[in-house]
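Number of protein chains: 6
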Amino acid sequence: MATVPLISDEAASPQVLAVFNDIRAVRGTDYVNNFWRALAHDPDLLSATWKRLKTVMAPGALDPLVKEMLYMAVSTANGCEYCIHSHTAAAKAKGMSDAQYGEALAVIGMAMQTNGLVSGLQVPVDEAFKA
Amino acid sequence: MATVPLISDEAASPQVLAVFNDIRAVRGTDYVNNFWRALAHDPDLLSATWKRLKTVMAPGALDPLVKEMLYMAVSTANGCEYCIHSHTAAAKAKGMSDAQYGEALAVIGMAMQTNGLVSGLQVPVDEAFKA
Amino acid sequence: MATVPLISDEAASPQVLAVFNDIRAVRGTDYVNNFWRALAHDPDLLSATWKRLKTVMAPGALDPLVKEMLYMAVSTANGCEYCIHSHTAAAKAKGMSDAQYGEALAVIGMAMQTNGLVSGLQVPVDEAFKA
Amino acid sequence: MATVPLISDEAASPQVLAVFNDIRAVRGTDYVNNFWRALAHDPDLLSATWKRLKTVMAPGALDPLVKEMLYMAVSTANGCEYCIHSHTAAAKAKGMSDAQYGEALAVIGMAMQTNGLVSGLQVPVDEAFKA
Amino acid sequence: MATVPLISDEAASPQVLAVFNDIRAVRGTDYVNNFWRALAHDPDLLSATWKRLKTVMAPGALDPLVKEMLYMAVSTANGCEYCIHSHTAAAKAKGMSDAQYGEALAVIGMAMQTNGLVSGLQVPVDEAFKA
Amino acid sequence: MATVPLISDEAASPQVLAVFNDIRAVRGTDYVNNFWRALAHDPDLLSATWKRLKTVMAPGALDPLVKEMLYMAVSTANGCEYCIHSHTAAAKAKGMSDAQYGEALAVIGMAMQTNGLVSGLQVPVDEAFKA
Chain A
113 MATVPLISDE AASPQVLAVF NDIRAVRGTD YVNNFWRALA HDPDLLSATW KRLKTVMAPG
173 ALDPLVKEML YMAVSTANGC EYCIHSHTAA AKAKGMSDAQ YGEALAVIGM AMQTNGLVSG
233 LQVPVDEAFK A
Chain B
113 MATVPLISDE AASPQVLAVF NDIRAVRGTD YVNNFWRALA HDPDLLSATW KRLKTVMAPG
173 ALDPLVKEML YMAVSTANGC EYCIHSHTAA AKAKGMSDAQ YGEALAVIGM AMQTNGLVSG
233 LQVPVDEAFK A
Chain C
113 MATVPLISDE AASPQVLAVF NDIRAVRGTD YVNNFWRALA HDPDLLSATW KRLKTVMAPG
173 ALDPLVKEML YMAVSTANGC EYCIHSHTAA AKAKGMSDAQ YGEALAVIGM AMQTNGLVSG
233 LQVPVDEAFK A
Chain D
113 MATVPLISDE AASPQVLAVF NDIRAVRGTD YVNNFWRALA HDPDLLSATW KRLKTVMAPG
173 ALDPLVKEML YMAVSTANGC EYCIHSHTAA AKAKGMSDAQ YGEALAVIGM AMQTNGLVSG
233 LQVPVDEAFK A
Chain E
113 MATVPLISDE AASPQVLAVF NDIRAVRGTD YVNNFWRALA HDPDLLSATW KRLKTVMAPG
173 ALDPLVKEML YMAVSTANGC EYCIHSHTAA AKAKGMSDAQ YGEALAVIGM AMQTNGLVSG
233 LQVPVDEAFK A
Chain F
113 MATVPLISDE AASPQVLAVF NDIRAVRGTD YVNNFWRALA HDPDLLSATW KRLKTVMAPG
173 ALDPLVKEML YMAVSTANGC EYCIHSHTAA AKAKGMSDAQ YGEALAVIGM AMQTNGLVSG
233 LQVPVDEAFK A
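Residue numbers (this note's numbering), protein chains in the order written: chain A, 113 to 243; chain B, 113 to 243; chain C, 113 to 243; chain D, 113 to 243; chain E, 113 to 243; chain F, 113 to 243.
Everything labelled a hint here was simulated from the structure, so no lab data went into it. Among these hints, one or two may not hold up.
Identical copies look the same in the list; a pair holds intra-copy or inter-copy alike.
Calculated cross-link-like contacts (lysine-lysine; reagent style BS3-like; alpha-carbon spacing at most 25 Å) [to be verified]:
| # | residue 1 | residue 2 |
| --- | --- | --- |
| 1 | K166 | K206 |
| 2 | K206 | K163 |
| 3 | K204 | K242 |
| 4 | K166 | K242 |
| 5 | K242 | K206 |
| 6 | K204 | K163 |
So here's chain A without its partners, still in its complex pose (with noise of 0.2 Å):
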């Protein structure tokens, strides 16, 4: 449950009605999910992110499926249920297949991994990184 109810269309103001329509028509959907229904309680926060994530999340030097999969990864790592559901949704959405799933997968373990083994050997970064 969060910790504000979630603002649906009929309770939300003109400012929060006109970024819930600007979400389905950049996303081609008409569902709004919960995230911008709970950010809406403050709805220059609400405007905010979603410009900013609007424009992030956009096609240009990487492609959308890869930047979900980076999004997922981030998610992934710092343990947030809600932003791993969606993401990992928002993923297969845009074409991931069970094999890139897999591999993404098996990256994001094998980073956590050594992120650990490195953490506790302090291993000093190489001058060849530095260049």
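On the provided structure of chain A, position chains B, C, D, E and F as indicated by the hints.
Below, chains B, C, D, E and F without anything else, positioned relative to chain A:
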């Protein structure tokens, strides 16, 4: 400074040297970085870690650059200095452009931010994501 | 579900009940929350934790609301569901307004984001900050 | 050492220099710290991050010192060396006394401790906190 | 709910079933827990993870109970709900007494607290620890 | 560099010096490490932290070496450089052999890895673990 001395080629046992030489062969470089030289204090841990990493990071359904960027993302979320330096350097060596790096950082930053917002608001997972 | 059963007043030893009653007296409520009822399996850990928390959270150079918000911020960064709920509720009980909550979340999100960017870029600490 | 060279004023593009100069104007200092000089490799990321940070950290329902302490708390939980130094310095510059700093550290330490105990015990959230 | 359906024995491929049966044989139980049933979507990841875990957790210079408690400690610091439950249960099955559990929690809480204090104060490593 | 100057014996108040001397007496060494010298800026925080740590780390149902290894594990998961160095050194001083250290690292790495896999897959807790 590491919690253990780094093992040079000269000080390496035959088992350790065999791993060092496989690292050289697979990566096409004579350079063996500090992580492996620290791990070498436990030859079985060294062998198992290298063997698994070699498999996980090989080309597959995801290309090696995407794998390096996922590794970089996890390491950044965990704040692992060594891992960030080594995998950012590896991603650059595998062709990551400045524009790709900037976008990856933007996604990582965005993910950190919304991980924090979702965590603070304790947003419940949408049924739609559970399908 | 906890890894241990929660200890009710009826099941509490005299040492545990004395802590429960001190919690009631200090907080001006009859309610003893689940954290203390789980900790009660180790009466010394319960006593030591409550004694220290009571001191740390008392009014001082920082007012109790600021202390609750700092607690909420740390708990959010750590993704501790229980702690986020309990300290957000406590902050609201101590007068945190909706506007203050929204701004605190915005700061927490911003901090998470720049923590990620700084980590990814491995920015060196300015000499100016070391004075 | 950063993963990118820091951008000096001399090397800055007009877009980057405009951000640097806005940082100077808003903060009332000629000093632009390393974070911005590293971010400047991606002028859009620099602009977006500064624009948002300027808004979030401005006086509002919470005073700027409280905001800096929240930033310090999140950065400490995340173990971000640069961020801890910069926001501790900023909090001191905004008037944080030694007594306030000591109390903030005590709260942060207490939160870390009980986050760990709650996590280890997997304490279920009280219904009372969900109201 | 997992991001993938759990694989039952009936739905398991021969490769997957062989791993499930080895888990049963090594642990002396018919029960195969959910982690392995989720991992089974990627048979190679399943095999590699089980093979390594079996080796790492076997009796050696450290006894299996100490290994389970170390696993529990890492999982608690990372806030991994599933891992905390499974490794706390495993530690109890391997003989962890209530007193040992209480002391382990107290050490974990203390470590979290001083990790936070050290992080906030950015204490430099003593030369004496680098020998 | 710390955010505060380290307090030498000469600069210590009688309250602080009494703690320093108790550290010396309990540990059987003349050396007081930097953590305590940084904490000494807040004598009450110093006293409370030392008093609690002394109790928690004393021999009990777990032997002191196991306690140091648990401390090392939590500190490694949190990436706390100072804490990793100090508690690895302490574990070695209490008799941790190279083989024990290697196995502890292997367990920590394994735990990090499966924490990541479980987190990414969002594996539901088995009913069997909740008994």
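- Task: Sort out which numbered hints this structure fails and list those numbers smallest first.
- Result: none
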